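Chemist: Sequence:
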Amino acid sequence: MISLTELRERIEQGAVSPDAAIAQSLAAIRAQDKAIGAFVHHDEGARAQTAGPLRGIAVGIKDNIDTADFPTEMGSQIYRGHRPRGDAPVVMALKRAGATIVGKTTTTAFAANDPTATLNPHNQAHTPGGSSSGSAAAVGGGMIPLALGTQTGGSVIRPASFCGTAAIKPSYRLLPTVGVKCFSWSLDTVGLFAASVRDVAAGLAAMTNRPELLVPSSVAAPRIGVVTQAFAGAPEAAGAEALQRAARAAAQAGATVRELAMPEIVAEAWRIHPVIQDFEAHQSFAWEYGQNYDAMPPLLRGRLDETKGATPKDYDAAVDVAARARAALAAVFDEVDALVTLSAPGAAPKGLSSTGDPRYNRLWTLMGVPCVNVPTLVADGGLPVGVTVVAPFGADARALAAAAFVEAALKRV
Numbered sequence: 010m011i012s013l014t015e016l017r018e019r020i021e022q023g024a025v026s027p028d029a030a031i032a033q034s035l036a037a038i039r040a041q042d043k044a045i046g047a048f049v050h051h052d053e054g055a056r057a058q059t060a061g062p063l064r065g066i067a068v069g070i071k072d073n074i075d076t077a078d079f080p081t082e083m084g085s086q087i088y089r090g091h092r093p094r095g096d097a098p099v100v101m102a103l104k105r106a107g108a109t110i111v112g113k114t115t116t117t118a119f120a121a122n123d124p125t126a127t128l129n130p131h132n133q134a135h136t137p138g139g140s141s142s143g144s145a146a147a148v149g150g151g152m153i154p155l156a157l158g159t160q161t162g163g164s165v166i167r168p169a170s171f172c173g174t175a176a177i178k179p180s181y182r183l184l185p186t187v188g189v190k191c192f193s194w195s196l197d198t199v200g201l202f203a204a205s206v207r208d209v210a211a212g213l214a215a216m217t218n219r220p221e222l223l224v225p226s227s228v229a230a231p232r233i234g235v236v237t238q239a240f241a242g243a244p245e246a247a248g249a250e251a252l253q254r255a256a257r258a259a260a261q262a263g264a265t266v267r268e269l270a271m272p273e274i275v276a277e278a279w280r281i282h283p284v285i286q287d288f289e290a291h292q293s294f295a296w297e298y299g300q301n302y303d304a305m306p307p308l309l310r311g312r313l314d315e316t317k318g319a320t321p322k323d324y325d326a327a328v329d330v331a332a333r334a335r336a337a338l339a340a341v342f343d344e345v346d347a348l349v350t351l352s353a354p355g356a357a358p359k360g361l362s363s364t365g366d367p368r369y370n371r372l373w374t375l376m377g378v379p380c381v382n383v384p385t386l387v388a389d390g391g392l393p394v395g396v397t398v399v400a401p402f403g404a405d406a407r408a409l410a411a412a413a414f415v416e417a418a419l420k421r422v
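Residue numbers for the sequence shown follow the working numbering, beginning at 10 and rising by one.
Everything labelled a hint here was simulated from the structure, so no lab data went into it.
Computed from a predicted model, the values in this text were never measured in an experiment.
No residue lacks a Cβ here, since even glycine has one placed at the ideal position from N, Cα and C.
Just so you know, nobody snuck in bad clues.
For each label pair, taking beta carbons as the anchor points, the in silico distance ranges come out as:
hint	residue 1	residue 2	range
1	318	243	28 to 36 Å
2	25	104	14 to 22 Å
3	24	265	35 to 43 Å
4	323	29	51 to 59 Å
5	86	329	36 to 44 Å
6	307	243	27 to 35 Å
7	24	80	29 to 37 Å
8	329	307	28 to 36 Å
With the hints as constraints, model all of the structure from the sequences given.
Modeler: Spelled out as structure tokens, the structure:
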């Protein structure tokens with residue numbers, strides 16, 4: 010993979026020019042993407058900007074995020090050829106920081122669960138995950154150093170785990186979702202993929218003009234709570250091993266580590282996530298579902314068919330549970346600095362019939378808290394598996410620092 014921070018250092022030192030850095034990413038796309046299929050559009054003539062902390066950094070944008078320079082097709086035939094007049098604010102944030110947008114990465118249709126044709130760069134017989142399939146595959150395959158994705162259930166953290174990248178789903182609304190095709194306005198969150206936790210932090214800090222998000226050179230040993238999410242069911246062997254390995258490495262590096270059970274209201278919030286997601290999805294996709302029913306992606310269409318009976322009363326009750334769960338989760342962080350939990354049940358499933366199960370991600374999306382995937386081990390078939398580091402709402406700097414601590418600890422074992 011291409012390290013954003015290392016590449017930036019080389020650019021600043023004059024070892025490589027910004028244009029040469031962009032050219033290297035374009036060459037990697039040409040060499041690899043015919044096999045992987047991470048991009049739906051890319052610009053062979055892309056050039057570096059002349060200034061900014063991300064000058065010379067090639068970035069891929071998930072294709073449910075508006076771009077004026079490329080079509081934004083949502084992974085759906087309904088929007089084939091659709092060309093927004095302007096960039097989404099998150100795209101403008103990257104451009105203002107000096108980044109070069111080199112292309113649009115694949116998304117499952119409408120960022121739901123109908124898989125793309127994108128392959129896992131570590132084992133092409135397996136899914137890269139989704140819905141941010143192309144962003145994870147492009148970074149994990151070493152084509153680009155930074156990419157944007159979105160998460161409504163587990164669409165950033167899970168593909169990052171499957172493709173061996175670091176990634177962050179920031180606190181809810183740290184990054185604006187204006188110009189992002191809405192799935193569920195209470196859940197949709199823009200996230201970032203990069204090679205390491207420090208790389209993710211550098212990208213997010215540059216986008217938001219928040220230098221406090223940068224990981225310091227020395228990170229104090231945190232108090233860590235290990236959360237198995239028993240309410241979400243048992244993981245596969247590789248997922249369980251990753252969680253155990255991360256906890257053990259953190260403890261050996263000096264962290265205080267103990268297992269934590271979530272309050273019952275938090276487990277209940279996990280159960281009602283689909284109620285909120287599906288109720289809002291019916292409104293978000295009202296035009297597509299109502300006027301383009303036959304062209305809707307089949308799995309999403311079937312999901313909307315099955316949930317047509319959802320009522321405002323059901324939704325309001327679920328929103329109340331979520332609010333009480335957020336308060337209960339905030340109290341958990343009185344005891345620990347960060348949580349470490351599963352990013353996925355195990356390694357990426359074989360084939361492209363599924364992008365994997367988001368059951369270990371959806372709670373944290375609903376809670377609105379920052380989550381960072383940390384690559385942890387390589388399972389059979391060369392397939393990566395990660396763990397998730399979680400911090401309180403608004404404590405994105407803490408999440409990144411704790412994740413960097415775990416990442417460094419894993420490298421020492």
